[in-house]
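Enquirer: The primary structure of each chain is shown beneath.
2 protein chains.
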Amino acid sequence: MEYEVKIRVARLEPLRARLASLGIRPASSLTERDLYFNSPVHDFGRTDEALRIRTTGEGTSLTYKGPKQGLGGIKAREEIIAGVGPDGAMEEILERLGFTRTAMVEKARETYLVDGASVALDEVKGLGSFVEIEAPRGMGAREAVELIARVRGILGVEGEETTLSYLEMILARR
Amino acid sequence: MEYEVKIRVARLEPLRARLASLGIRPASSLTERDLYFNSPVHDFGRTDEALRIRTTGEGTSLTYKGPKQGLGGIKAREEIIAGVGPDGAMEEILERLGFTRTAMVEKARETYLVDGASVALDEVKGLGSFVEIEAPRGMGAREAVELIARVRGILGVEGEETTLSYLEMILARR
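Protein sequences appear in the order of chains G and S. Quick note on numbering that gives the first Met the number 0: the first sequence kicks off at 0 and runs consecutively. Quick note on numbering that gives the first Met the number 0: the second sequence kicks off at 0 and runs consecutively.
The shape of chain G in the complex, shown without the other chains (with noise of 0.2 angstroms):
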């Protein structure tokens, strides 16, 4: 299960003078091309699942989300994600397997670790900016949540919640 809050921000830059203050260093700076694909079974808008192929810099990987599970705010859903070649091999035999491509959803993420928290820094191509807190893998709901409350205090972000995923919000678009 992933925990995790996503908030809209006007701007980052003051969230990373803030975390700079603090002395954290950014655990990673990269680009994601996340593709997205539907089944032909059911619908993943309906039941609220997501498959996609991530490239990054640093590799390749499918994953596989289940229905998001509102939690006040914060977001839990099941996550699989398994390693893939860089060859575009995946994107065909998902084609062939009678999937459909539904949308690409491009940023450039910034992750900081706070406090145990992963903290992504996103700026969404044709969305705008975007913080994300996410409790670490293995953590209890209850635990989860107050994590997640206690770094977004210290880092003081203002915003909106949303439960929407990028995908989500792309779609919306349309």
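I should point out that these hints are in silico values taken from the structure, not numbers from a laboratory. Misleading hints may appear alongside valid ones.
If chains are identical, the list can't say which one is meant, so a pair holds when it fits in one copy or spans any two.
To be verified - In silico EDC-like links for lysine to aspartate or glutamate, alpha-carbon gap of 20 angstroms or less:
no., residue 1, residue 2
1, Lys64, Glu77
2, Lys64, Glu90
3, Lys64, Glu94
4, Lys67, Glu122
5, Lys74, Glu94
6, Lys67, Glu94
7, Lys106, Glu145
8, Lys124, Asp47
9, Lys124, Glu145
10, Lys64, Asp86
11, Lys67, Glu91
12, Lys67, Glu1
13, Lys64, Glu145
14, Lys124, Glu142
15, Lys64, Glu159
16, Lys67, Asp114
17, Lys124, Glu91
18, Lys64, Glu157
Once you've looked at the hints, dock chain S against the given chain G.
Expert: Positioned in the frame of chain G, the structure of chain S alone reads:
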């Protein structure tokens, strides 16, 4: 496209001796464990497609195979192979996507290169011994058929040709 012939043989030992007398050593020797899946959309047994996760000592891959096109005992079909991580995540993702496990095929395979063709000596758990002769990728149909016949002659392979896959043979025994 892959072009190959598969021949059931009583024993592999005479072929090993023939290859050794020609000065040809095995290019590789490994155990392959193939886990096959069926699609929730259409029965691969009817559409003549296949999807499998192959695990060897050298790595793990996901392979899609398109319908077989017979060509006088020689089998031609589309094949797409994607490298995947070794941690079982791909198997879990396929199950979440509605694919079901159908069978496991385990074999010890020695591969030789003969005149540009790939020759595999297979000992298949529960099925027996087989020789597969496969033309290199990218070769045209006629050239592939000629090469396979020539290599078969060089090795003096006697036995019954089959266009059945090991998976089909195992499913037919149930």
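Enquirer: Give a verdict on every hint.
Expert: We went through each hint and held it up to the structure:
no. : hint             : result
1   : Lys64 to Glu77   : within (6 angstroms within a copy, 29 angstroms between copies)
2   : Lys64 to Glu90   : both (17 angstroms within a copy, 14 angstroms between copies)
3   : Lys64 to Glu94   : both (19 angstroms within a copy, 13 angstroms between copies)
4   : Lys67 to Glu122  : neither (23 angstroms within a copy, 47 angstroms between copies)
5   : Lys74 to Glu94   : neither (29 angstroms within a copy, 23 angstroms between copies)
6   : Lys67 to Glu94   : between (25 angstroms within a copy, 18 angstroms between copies)
7   : Lys106 to Glu145 : neither (28 angstroms within a copy, 51 angstroms between copies)
8   : Lys124 to Asp47  : neither (23 angstroms within a copy, 41 angstroms between copies)
9   : Lys124 to Glu145 : neither (31 angstroms within a copy, 53 angstroms between copies)
10  : Lys64 to Asp86   : between (23 angstroms within a copy, 17 angstroms between copies)
11  : Lys67 to Glu91   : between (27 angstroms within a copy, 18 angstroms between copies)
12  : Lys67 to Glu1    : within (10 angstroms within a copy, 42 angstroms between copies)
13  : Lys64 to Glu145  : neither (23 angstroms within a copy, 48 angstroms between copies)
14  : Lys124 to Glu142 : neither (33 angstroms within a copy, 49 angstroms between copies)
15  : Lys64 to Glu159  : neither (23 angstroms within a copy, 47 angstroms between copies)
16  : Lys67 to Asp114  : neither (25 angstroms within a copy, 56 angstroms between copies)
17  : Lys124 to Glu91  : neither (25 angstroms within a copy, 31 angstroms between copies)
18  : Lys64 to Glu157  : neither (27 angstroms within a copy, 51 angstroms between copies)
This entry does not satisfy hints 4, 5, 7, 8, 9, 13, 14, 15, 16, 17, 18, going by the numbered hints stated previously.
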